[in-house]
Each structure stands twice: as C-alpha cells, then as structure tokens.
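*Asks:* Listed here are the chains, written in short residue letters.
2 protein chains.
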Amino acid sequence: MIKEIKAEGLDPERFIAEKVEAIRAAVGEGLAINALSGGVDSSTVTMLGHRALGERLRTVFIENGLMREGEAEQVVTLFHKLGVPVQVVEAQDEFLAALRGITDPEEKREAVTQTFYKEVFGRLVRESGAKYLLQGTILTDVDETVAGIKRQHNVFEQLGIDPQEAFGYRILEPLINLRKAGVRMVGQALGLPADLFGRIPFPGPALAARVIGEATAERIERVRRATAVVERLLAGTEAFQYLAILHEDRVTGMHDGKRQFGGQIEVRCWDSVDARTAAPTRLPFELLEQLGREIPAEVPGIVSVTYNIACKPPSTIEAV
Amino acid sequence: MIKEIKAEGLDPERFIAEKVEAIRAAVGEGLAINALSGGVDSSTVTMLGHRALGERLRTVFIENGLMREGEAEQVVTLFHKLGVPVQVVEAQDEFLAALRGITDPEEKREAVTQTFYKEVFGRLVRESGAKYLLQGTILTDVDETVAGIKRQHNVFEQLGIDPQEAFGYRILEPLINLRKAGVRMVGQALGLPADLFGRIPFPGPALAARVIGEATAERIERVRRATAVVERLLAGTEAFQYLAILHEDRVTGMHDGKRQFGGQIEVRCWDSVDARTAAPTRLPFELLEQLGREIPAEVPGIVSVTYNIACKPPSTIEAV
Chain W
468 MIKEIKAEGL
478 DPERFIAEKV
488 EAIRAAVGEG
498 LAINALSGGV
508 DSSTVTMLGH
518 RALGERLRTV
528 FIENGLMREG
538 EAEQVVTLFH
548 KLGVPVQVVE
558 AQDEFLAALR
568 GITDPEEKRE
578 AVTQTFYKEV
588 FGRLVRESGA
598 KYLLQGTILT
608 DVDETVAGIK
618 RQHNVFEQLG
628 IDPQEAFGYR
638 ILEPLINLRK
648 AGVRMVGQAL
658 GLPADLFGRI
668 PFPGPALAAR
678 VIGEATAERI
688 ERVRRATAVV
698 ERLLAGTEAF
708 QYLAILHEDR
718 VTGMHDGKRQ
728 FGGQIEVRCW
738 DSVDARTAAP
748 TRLPFELLEQ
758 LGREIPAEVP
768 GIVSVTYNIA
778 CKPPSTIEAV
Chain F
468 MIKEIKAEGL
478 DPERFIAEKV
488 EAIRAAVGEG
498 LAINALSGGV
508 DSSTVTMLGH
518 RALGERLRTV
528 FIENGLMREG
538 EAEQVVTLFH
548 KLGVPVQVVE
558 AQDEFLAALR
568 GITDPEEKRE
578 AVTQTFYKEV
588 FGRLVRESGA
598 KYLLQGTILT
608 DVDETVAGIK
618 RQHNVFEQLG
628 IDPQEAFGYR
638 ILEPLINLRK
648 AGVRMVGQAL
658 GLPADLFGRI
668 PFPGPALAAR
678 VIGEATAERI
688 ERVRRATAVV
698 ERLLAGTEAF
708 QYLAILHEDR
718 VTGMHDGKRQ
728 FGGQIEVRCW
738 DSVDARTAAP
748 TRLPFELLEQ
758 LGREIPAEVP
768 GIVSVTYNIA
778 CKPPSTIEAV
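Residue numbers (our numbering), protein chains in the order written: chain W, 468 to 787; chain F, 468 to 787.
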C-alpha cells in the first residue's frame, strides 16, 4: 500500500528537496537515464532528475512513430530552453514492425511496452552504462493496475515483478505518492512552463491506442491528422482530455454524389477531476459540427464522425 | 425521366381519383397483392389500393424478424380500425437463414431483397393468383438508385429490369411522381391517422441495415432494444429521422470496477427536408446524456454510446 500525498497537504519545495536528496542517495556516483514523453509526469521527473544529477542524468525522447504531429520537436525545443539536453532516438520502424498484424488491444499495448523496454530503451540503458532508471509513475497508475482496469507499462515493481531481473535496471519513481494535481504543483515549482500543464493526458501506447484494429503506418497517420484537428478545435475548452479514435468499422458515405464506403472517427472529450470517473463535455453544437466538417475534409477516407455521449463508467476514457 | 408532382401543386383528392381509376383500369377483374411495411409509403398505397379494389386487394405484412418492437401488432391493429384486412406472414427463419455469415452491407441488402421477393413474397403472389403488385415506390427512391447511392429493392422497372420476367408479376407504382411531402398529403386525404405520419422513415432491410457486420438473431435483438430506447427518448423531437446502429468494433468498458470489452451503439438524429441532404439535430445535452445512460443499462453488452456529428454529405443517413 503506497501512501498518498494529497495536493492540499503538499509543500512542493520541501517535496522537491526531499526527492532530490533521495535520488542523489540512491544513484550515488552512478549514472541515471530516463525516457521523456513530453507529458506532465515524465517532464516533471526529468526536471527533478536533472536538478538532482545534472550531467549524470541522460534523458532520451524515443520517436516511436506513434506520436502526434510535431511532438518530438516541441518537446526537445522546450527542454532545450530549460537547459536540459534531450536526445531523440529514432525507432519508428521497430515499433511498427512489432505492431504488424496485431488487432487485439492488449496485445498492441504489450507490443509497444515490450519494444519500448526490451528493445529500444533496454538497449539504450545497457549502452549508456546507467544503472538507474527514473520514471514518472504516479499513484493513479498503480491504482488502475491493481484494479485490473488497464496495464501500465511502468509499474512492474508494484506488481511484484523485479525490474532488475526483468530488464536489467532499477526503477526510481519519485512521484509515486502523488496524483495529477500534486505532480502539476511540483512541475511548476521546478520551472516547467504553464503551457506544458495545459497539455492533456496522452496514453503510453500513444496513437496505437487510438486506432481500433491494426496500427499500420497509414492508419496511424490518419488518426494523427484527426488528432491534430481535434486538439486544434478543442484546445480552448477547459476539458480534462480530448481525443480522436479511428474505428475499424466501415460505414456508407457519399463522394461526388456516389456511394462510397469509408472510415469513421470518434471524438471523445471528457470532464473529469482525476480520470477515475468522467462525463462527456457539453460542447457547443457549433463546435461539434465544425469537427464533423473538418475531420472528413482533412483526413483521407473518412466519411463519418461521432461524439461520445457515455460516461465512465460504463465507458472508459480511451477506447482500446 | 419521371415527372415530379410537387407538394405545392398537388390536389390530393384529384390525385386519388385519378390513381383509383388507373389501378382499376390496370387490374380489371383480376386480383392484386401488396406488402405493407407500416411506413407512410406502403400504408398510403394500401389505402389507395383498397379504395380502388376492395376485396380484390390482398395486403400482407411479412414478419421478417428484422422489425422493431411490437411493429407487426401495431400495424395490423391500425389497419383493422380502418377496415383494411392485413395478413401477417411469419418468415423470420427464412430471413435469418439468408443473412447468416454475411457481413458486407450490399450482400445483406441483397439477401433481404432476394428473400423478400423470390422466396416469401414471390411464393405468396404465386399462391394468391394475383397478377398485380401494388408498390409504394416514390420519386426519391428512383433518384437515389439512378445516382447509385443505394439500391432500392422496389425499382426494378426504372432500372430497366422487367419484373414480369424477373419475378412473375407486374408492378404498379401509383406514388412514383411524388416525394415524401406529397405522399403525406395523399395518405391524410385517404384517412390515415396523424400518428402514422409522425412515424420516422425506416429502411427496407429494416434492422439488418442497423447492424455493422453480421445480422444474427442476437445482434438484431440488441439493436432492437437500442432502437426502442432511441425512439422513446427522441419521439418528442421534431427530427426527420433518428436511429440506433450496432457497431462491430469492440471498445473498452468497465463492469464492477473491472475492464471489460463491449459493444458500441451509435445514435443518429437528422434534420432534413427530403433526405437528400441532412444535418445532425442539435439535441439538448441532457437528452444525449440520457441516451448515454439508458442504452448501456438496457442493452446487454453495450459499454459505449456515440452521437453522429457529420452531415450528409459526406455521410449518409443510414450507416450501411
């Protein structure tokens, strides 16, 4: 049972000082490595690790071919401004090869996880000589894994799997007692800019989790374009999260007055405090109609767009 | 090219008198038969045929196992009150057998059409001795077939297929010059009650057109229950049409705190004048949320509900 530090009782400066001390004590004179995704959790842990270890922390951004438009560039530029060097590792082909032919959501998640840890990141760790892996696991990840709701790739330790034996390195998780609100407070105190905290949550398997069925390069590119439209149009809402999902079902549409089968994009936009329960955001119909026009106009082969109207539960935030 | 009689220029009484005369002239001393679905078009043609031929018109309601809850009973009761006898023909097993294993929308439509004409209705026609088939084809059906948007099972004649040779009977289509608004005026003048005109359009292949993928008895029953919820909750809107679609894609849901894959229902509700173009109805969010709650509660295995937000075009009114 991991003890929760609630946002109300959190003193960010003291928390940072304690964690910097703990990281230094754990790593000693060694080297640490961490993978930055650009999300709030991994960005905060990068800043914390950099403050504790400076040059002895190596931060990598793994380009898995499943990220959103311009994502790698944005993340690297942001951390460059903060004085934190980030190395981009190109690994698109490895991830797409691992996903080939897989349609089951669990198997897709597993393929992304295994490629990330065993292949790409495991290799980087071994080559770097770093023995310590910094990771941005938060308490909500642990809760959900224990409850069996979804598999997190970053909670081996909590599940009783020894990461040393499994993947050859030791995991440090300085954010494990916090939930999202606490992480944001710590990240802000570490100097992360406000626009990073405006970023909505994004799943570990990235856009592979946003296609129902096989995650081919072409299908990933379709959902990437749809995601760009959704994020552009819904950025002004105060929603907790918004996303585009490419369905596998084919529906009828019209092109030049002729019947044509095509694809469907489902848009979800959630009001939520902590992702444990969530309700669809009551978006203005003008905005819904704009999504319904712009997505088929900008994404090849899409003839239909829907908006989620079910709550979590019985739904979940992501579709697969 | 069929000449359109527009609603503005239509004199319903004169139209009825002319068509009654034409039907009598065509049928002579013979027998006619027609299939009543309960929609506005087939109800109007039933009234017209009954006025022209009385006992010499035999009207059948074919129970294909693809109709909505209580539909056969409602239709028969209504026409009984109007003094028009309707024979219910049970043919569920034939339709479900014809649909077995078929997932392609065109092939499903064709299976329903072929079973209807060649098997069930063709047999009834041959056994009845009737040589004349009254049919409620309207101008919009012809437009769409010519444009290739969807295949109508009731326009062989316009496509240059000789129905005499194809199926052994001759088709009379007294409503062919009208569109929906005109048919409603004629139906009202023939004494059809107001609540029948409140009925929304329903496709020829019935609920088989409302499931993506195979139309099994179990999947038809699911979409039937979802349709009952949608029709109950949206009856008060002034929408042109509203419908439930059972998707084949599986999405993640939660049941008793555990992850569970389940099905998705898509709700469409359309504003339209004549179905040629259509826009999603701007339903109040309270109503959308009610759909999102009640459908998973009432339909086994459903964990997610969406609402269509694309226009026709590029979408179409039905999904398959």
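In case anyone wonders, no lab produced these hints; they're calculated from the structure.
A hint or two may mislead.
Copies of the same chain are indistinguishable here, so a pair counts whether it falls within one copy or spans any two.
[Said to hold, decoys possible] With a straight-line cut-off of 16 Å between C-alpha atoms, the simulated EDC-like cross-links for lysine to aspartate or glutamate are: (1) Lys473 <-> Asp741; (2) Lys598 <-> Asp738; (3) Lys548 <-> Glu753; (4) Lys548 <-> Asp571; (5) Lys585 <-> Glu753; (6) Lys486 <-> Glu540; (7) Lys585 <-> Asp738; (8) Lys725 <-> Asp610; (9) Lys725 <-> Glu573; (10) Lys473 <-> Glu488; (11) Lys725 <-> Glu756.
*Asks:* Compare the structure with each hint and give your call.
*Replies:* Status of each hint after checking the structure:
Proximity of Lys473 and Asp741 under a CA criterion of 16 Å is satisfied intra-copy only: 12 Å inside one chain copy versus 57 Å between copies. Within a single copy, Lys598 and Asp738 get their C-alpha atoms no closer than 40 Å, and across copies no closer than 63 Å, so neither meets the 16 Å cut-off. For a Cα distance limit of 16 Å, the shortest separation of Lys548 from Glu753 qualifies neither inside one copy, at 38 Å, nor across copies, at 46 Å. When the C-alpha separation of Lys548 and Asp571 is checked against a cutoff of 16 Å, the pair qualifies neither within a copy, at 40 Å, nor between copies, at 54 Å.
In this homomeric assembly, Lys585 and Glu753 never come within 16 Å of each other (Cα to Cα): the closest approach is 46 Å inside a single copy and 48 Å across copies. For a Cα distance limit of 16 Å, the shortest separation of Lys486 from Glu540 qualifies neither inside one copy, at 29 Å, nor across copies, at 72 Å. Taking CA atoms no more than 16 Å apart as the test, Lys585 paired with Asp738 passes in neither setting, with 36 Å inside one copy and 53 Å between copies. In this assembly of identical chains, Lys725 and Asp610 lie within 16 Å of each other by CA distance solely across copies; the values are 12 Å between and 50 Å within a copy.
Taking CA atoms no more than 16 Å apart as the test, Lys725 paired with Glu573 passes between copies only; the shortest distance there is 14 Å, against 38 Å inside one copy. Proximity of Lys473 and Glu488 under a CA criterion of 16 Å is satisfied in neither setting, with 21 Å inside one chain copy and 83 Å between copies. Taking the closest pair of Cα atoms, Lys725 and Glu756 never come within 16 Å of each other, the shortest separation being 23 Å inside a single copy and 34 Å across copies.
The structure fails to meet hints 2, 3, 4, 5, 6, 7, 10 and 11 from the earlier list, while all remaining hints are met.
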